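Each chain, written out:
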Amino acid sequence: MPNPQPDLLKGLTVEEVSAVMALGQKLNLASGTVLFQLGAEADRIYLIERGRIRLTLPMQVEGHEEDILVEERLPGETVGWSALIPPHRFTLKATAQMDAAVVALPQTTLMKIFSERPNVAYAVTRNVAAIIGQRLQVFQAMWLREVQRVVELRRA
Amino acid sequence: MTERQVLAANLSCWHSNYLAFVGIWASIGLSTMASILLYDESHRGTPMEMLLMALCMTLFGLAVSAIAFGAATRDSRSETDTRVEHKVPIMASRFFVDPVAAAPQPRVPIEVLLAQIERHVRLEQAAAESFIDFPTSESLHCRTMSPLVH
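Going line by line, the protein sequences match chains L and H.
Each residue of the first sequence is one higher than the one before, starting from 4 at the first, in the working numbering.
Each residue of the second sequence is one higher than the one before, starting from 14 at the first, in the working numbering.
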């Protein structure tokens, strides 16, 4: 079964997709492997080929710091777009929830191909904007729902 | 201790003080009257003797009354104080405390709590994505089945 086209590379031709994918390195991750840590330097962006990646943030639960699920990413989706956005630091922790495979695209080589092929840069930038925009809208709605609950609790 | 009980204790204290106060003045008056009567019955002393007798009786009555007053006020105050000290619990201010949060919650194992948090996040994310697909006020504020909320 062929993998779906990665959301990061939508709008590119087959040749352009192949050119970008050729820059990457495939990584096989055992369940529980940490792909990147919160606050680490974001020098690579990852396209998920197989498995599931958990994106978490630390939270204090009963005096212990626990990784709380923020998002989950599936095959065809992208994690680590901080590699393309300054200040190039990961704002979440990514862990393989099950055996997974990802393609790691180094930031430096991506920037090189972007400068050589502006149409690729344009399409990828649009896709990154769509990923960020979707996350922003989801978290905006989640935040408002929580505020609504706080208000209801206060008024009760 | 309720406010009503504290009020009753205070009223009891004021009542004891009032009785002691009346007792002092009654004893002074009675001793003065007694000395006058004794003088009238005997007619054997001079006005100076009558005055000294009245003074002695008054001092005696005053001393007795002072002892009674001291005993009455000491007992009532100490009783009230101990009652207030031991029975009035120091209530934490609950004005800004959420009554739901203040109520003792049953202890949930951390694994269960983490699973509940994760389920809550998934449900909230699904609700938020549903809102993005059909952005209306109803879809934004649709109720959740999350155990963290209910």
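Derived by calculation from the structure, the hints in this document are not laboratory data.
Remember, it's a predicted structure, so these values are computed and weren't measured experimentally.
Here a beta-carbon is modelled for each residue, glycine too, at the ideal position from N, C-alpha and C.
Careful, some of the hints might be misleading.
Derived list of chain H stretches under chain L, where covered just means 3 residues or more per stretch with a C-beta under 8 Å from a C-beta of chain L [claimed, not checked]:
id, region
1, 61 to 67
2, 139 to 149
Not everything, but these chain H residues come out facing chain L in the computed CB check (under 10 Å) [claimed, not checked]:
id, residue
3, Phe73
4, Ile123
5, Ile130
Residues of chain L clear of chain H, computed beta-carbon distances all greater than 12 Å [stated by the list, open to error]:
id, residue
6, His67
7, Ile88
8, Gly136
9, Arg152
Hint check results:
Coverage of the region 61 to 67 of chain H by chain L is violated in this model, with 0 residues showing a Cβ closer than 8 Å to a Cβ of that chain against a need of three. With 5 residues carrying a beta carbon less than 8 Å from a beta carbon of chain L, the region 139 to 149 of chain H meets the three-residue requirement, and the given coverage holds. The closest approach between the C-beta of Phe73(H) and any C-beta of chain L is roughly 70 Å, which is over the 10 Å cut-off, so the hint fails. The restraint placing Ile123(H) at the interface with chain L holds, with a minimum CB-CB distance near 6 Å, inside the 10 Å limit.
Because the beta carbon of Ile130(H) sits about 6 Å from the nearest beta carbon in chain L, less than 10 Å, this interface hint is met. Distance check on His67(L): its Cβ comes as close as 7 Å (rounded) to a Cβ of chain H, failing to clear the 12 Å threshold; non-interface status is violated. Distance check for Ile88(L) against chain H: the nearest CB is about 21 Å away, which clears 12 Å, and the non-interface claim stands. The beta carbon of Gly136(L) sits about 10 Å from the closest Cβ of chain H, which is not more than 12 Å, so the claim that it is off the interface is violated.
Against the 12 Å criterion, Arg152(L) falls within the reach of chain H, whose nearest CB is about 7 Å from its own CB.
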